[in-house]
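As they're listed, the protein sequences go chains A and B. Residues in the first sequence are numbered consecutively from 1, following the numbering used here. Residues in the second sequence are numbered consecutively from 1, following the numbering used here.
Everything labelled a hint here was simulated from the structure, so no lab data went into it. Even for Gly, the Cβ is constructed at its ideal location relative to N, Cα and C. It is possible that part of the hints are untrue.
[Stated by the list, open to error] Within a straight-line C-alpha distance of at most 30 Å, the following computed DSS-like cross-link-like pairs (lysine-lysine) qualify:
| hint | chain 1 | residue 1 | chain 2 | residue 2 |
| --- | --- | --- | --- | --- |
| 1 | B | Lys184 | B | Lys25 |
| 2 | B | Lys151 | A | Lys67 |
| 3 | A | Lys64 | B | Lys8 |
| 4 | A | Lys54 | B | Lys245 |
| 5 | B | Lys261 | B | Lys151 |
| 6 | A | Lys54 | B | Lys151 |
| 7 | B | Lys184 | B | Lys8 |
| 8 | B | Lys157 | A | Lys64 |
| 9 | B | Lys245 | A | Lys67 |
| 10 | B | Lys261 | A | Lys64 |
| 11 | A | Lys67 | B | Lys8 |
| 12 | B | Lys8 | B | Lys24 |
| 13 | B | Lys25 | A | Lys64 |
| 14 | B | Lys184 | B | Lys114 |
[As the list claims (entries may be wrong)] Computed Cβ-Cβ distance ranges for the label pairs, DEER-style:
| hint | chain 1 | residue 1 | chain 2 | residue 2 | range |
| --- | --- | --- | --- | --- | --- |
| 15 | A | Pro17 | B | Asp195 | 40 to 50 Å |
| 16 | B | Ser91 | A | Pro17 | 24 to 34 Å |
| 17 | A | Glu77 | B | Val3 | 25 to 35 Å |
| 18 | B | Pro63 | A | Pro58 | 42 to 52 Å |
| 19 | A | Ser22 | B | Glu263 | 15 to 25 Å |
| 20 | B | Arg13 | A | Arg61 | 50 to 60 Å |
| 21 | B | Glu121 | A | Glu77 | 25 to 35 Å |
| 22 | B | Ser207 | A | Ser20 | 38 to 48 Å |
| 23 | A | Gly36 | B | Arg103 | 41 to 51 Å |
| 24 | A | Asp21 | B | Lys24 | 56 to 66 Å |
| 25 | B | Thr246 | A | Pro17 | 55 to 65 Å |
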Amino acid sequence: MQAETNLVAAALRQAAPECSDSIDRMTPATEISDLGLNSIKLLEAAAYLEEAAKASFPDDRLAKVVKVQDLIQLVREHGTIDPQAFNEK
Amino acid sequence: MAVSYQRKEAMYRAYMEFFELAEKKRRWNIWDDIPWDDLDPRLNNEGDAMRLETYCGVELYLPDYIAEGVNISREIFGQAWFAANWAYEESKHALVFREYLVRSGLRTTEEYMKFEESVLEQRWQSRTITLRQTTIYGAFQELLTYHIYRKQYDRAKLAENTVLMRVMELIARDEAAHCGFYRKIVQYELDDDRDGATEDIVSVLGSFSMPGSDIMPNYQDRLATPDAGLTREQFMRHIIFPTLKTFGVTRGDIARIQSAKAERA
Ligand SMILES: [Fe+2]
Ligand SMILES: [Fe+2]
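Given these sequences and hints, build the entire structure.
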């Protein structure tokens with residue numbers, strides 16, 4: 001779980017560095033919109049996440065993402081975790 | 001930036017295609033094409049009044065939309081003439097909503113006039129800067145209005161309100177046609193400068209809102225009326241994903257463009 005959470009946090013931070021403070025404090029129950037990310041930023045974060053987790057998320061699942069835990073769940077279901085993925089950047 | 005003859009010619013042809021269909025297949029008027037005699041006030045409620053009034057309000061900023069739309073496109077015949085024709089078609093939308101509100105008794109003429117006055121107290125200003133951004137905004141916004149009116153059509157059908165069904169059907173069809181034209185022009189922009197146009201798509205979506213949403217009195221309260229707008233999920237599903245797909249823009253493209261932009265900064 002922690003690896004997925006870290007990956008999600010890194011992707012969100014990369015898409016919206018201006019929201020880093022709220023991303024640092026987020027929990028799985030936090031809503032993405034409360035972090036300050038709009039729909040297009042969420043898509044950008046999803047792209048980083050897909051790259052890092054070597055995954056491809058279905059559009060209809062992505063449309064349903066409301067909370068951080070929804071993204072974590074997507075990674076768990078569709079991804080292959082490589083914890084180094086974001087550290088290399 | 002000067003627009004090439006080639007591009008102007010392409011825009012002219014795009015407009016002619018749009019206009020031919022509009023003239024031959026899509027023209028309607030509020031007297032003959034809406035079955036006003038079937039109007040049954042019992043089929044309406046205050047929720048309908050709020051929704052219709054809100055849509056009417058958005059359409060009421062037409063003078064401001066026209067002023068910006070025509071000026072920004074005046075050097076390109078196809079796009080400027082589209083703006084003129086678009087304005088004519090949009091002008092019927094506010095008109096038919098007003099007629100429906102008053103004829104159905106949902107609002108008295110005086111109530112309507114007060115509403116109109118309150119809406120027009122503010123002047124709408126575009127958030128987009130370039131013609132390309134304006135066109136991109138149009139592609140998303142027209143699709144959104146199509147879906148909103150399509151939703152109202154479904155509601156009216158459920159309520160067996162044939163008059164409102166017809167109103168929504170006619171308007172939704174116009175909005176879909178507008179979306180189609182804008183999509184074609186955005187495609188030209190992408191062909192010319194893929195990365196630049198993609199960057200504009202991201203920036204337009206980043207600040208996207210319905211026109212008038214920040215100036216119409218009580219807009220957010222109005223939007224809370226059931227089915228007045230689309231949910232965030234519906235916006236993703238029906239507006240963002242299909243539009244990006246049409247343009248051949250992927251999430252990966254967006255991430256790549258934004259990363260490059262961040263590096264430049
Ligand atoms: Fe309209
Ligand atoms: Fe329209």
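Each hint, compared with the structure:
1. For the proposed pair Lys184 (chain B) and Lys25 (chain B), the alpha carbon gap of about 19 Å is at most 30 Å, so the pair holds.
2. The hinted pair formed by Lys151 (chain B) and Lys67 (chain A) meets the criterion: a straight-line CA distance of about 27 Å does not exceed 30 Å.
3. The hinted pair formed by Lys64 (chain A) and Lys8 (chain B) fails the criterion: a straight-line CA distance of about 41 Å is larger than 30 Å.
4. In summary, the hint linking Lys54 (chain A) to Lys245 (chain B) is supported, as the alpha carbons are separated by about 21 Å, within the 30 Å threshold.
5. Under the criterion of a C-alpha separation no larger than 30 Å, the hint pairing Lys261 (chain B) with Lys151 (chain B) is inconsistent with the structure, at around 38 Å.
6. Taking the CA atoms of Lys54 (chain A) and Lys151 (chain B), the gap is about 37 Å. The hint is violated against a cut of 30 Å.
7. A distance of roughly 13 Å separates the Cα atoms of Lys184 (chain B) and Lys8 (chain B); the hinted pair therefore holds under the 30 Å criterion.
8. Taken as a hint, the Lys157 (chain B) and Lys64 (chain A) pair is honoured in the structure, with Cα atoms around 27 Å apart against an allowance of 30 Å.
9. With a CA separation close to 25 Å, the supplied pair Lys245 (chain B) and Lys67 (chain A) stays within the 30 Å bound.
10. A distance of roughly 28 Å separates the Cα atoms of Lys261 (chain B) and Lys64 (chain A); the hinted pair therefore holds under the 30 Å criterion.
11. A threshold of 30 Å between alpha carbons decides the hint, and for Lys67 (chain A) with Lys8 (chain B) the separation of about 46 Å lies outside it, so the pair is violated.
12. A threshold of 30 Å between alpha carbons decides the hint, and for Lys8 (chain B) with Lys24 (chain B) the separation of about 24 Å falls inside it, so the pair holds.
13. Between the alpha carbons of Lys25 (chain B) and Lys64 (chain A) the distance comes to roughly 38 Å, so the proposed pair goes past 30 Å and is violated.
14. Between Lys184 (chain B) and Lys114 (chain B) the alpha-carbon distance is near 39 Å, which puts this suggested pair outside the 30 Å criterion.
15. Here the CB-CB span from Pro17 (chain A) to Asp195 (chain B) is close to 21 Å, at odds with the stated 40 to 50 Å.
16. Judged by the Cβ atoms, the range 24 to 34 Å given for Ser91 (chain B) and Pro17 (chain A) is violated: they are separated by roughly 44 Å.
17. A C-beta distance of roughly 48 Å is found between Glu77 (chain A) and Val3 (chain B), which places it outside the suggested range of 25 to 35 Å.
18. Range check, Pro63 (chain B) to Pro58 (chain A): Cβ separation about 44 Å, and the 42 to 52 Å hint holds.
19. One distance hint, 15 to 25 Å for the beta-carbon pair Ser22 (chain A) and Glu263 (chain B), holds here, with the actual separation near 24 Å.
20. Take Arg13 (chain B) and Arg61 (chain A): their Cβ atoms lie about 40 Å apart, and the range 50 to 60 Å is violated.
21. Look at Glu121 (chain B) against Glu77 (chain A): about 51 Å separates their beta carbons, and that is not inside 25 to 35 Å.
22. Between Ser207 (chain B) and Ser20 (chain A) the beta carbons are some 21 Å apart, a value that contradicts the proposed interval 38 to 48 Å.
23. Between Gly36 (chain A) and Arg103 (chain B), the C-beta spacing of about 45 Å keeps the proposed range 41 to 51 Å intact.
24. One distance hint, 56 to 66 Å for the beta-carbon pair Asp21 (chain A) and Lys24 (chain B), holds here, with the actual separation near 57 Å.
25. Distance hint check for Thr246 (chain B) and Pro17 (chain A): the Cβ-Cβ separation is about 30 Å, which falls outside the suggested range of 55 to 65 Å.
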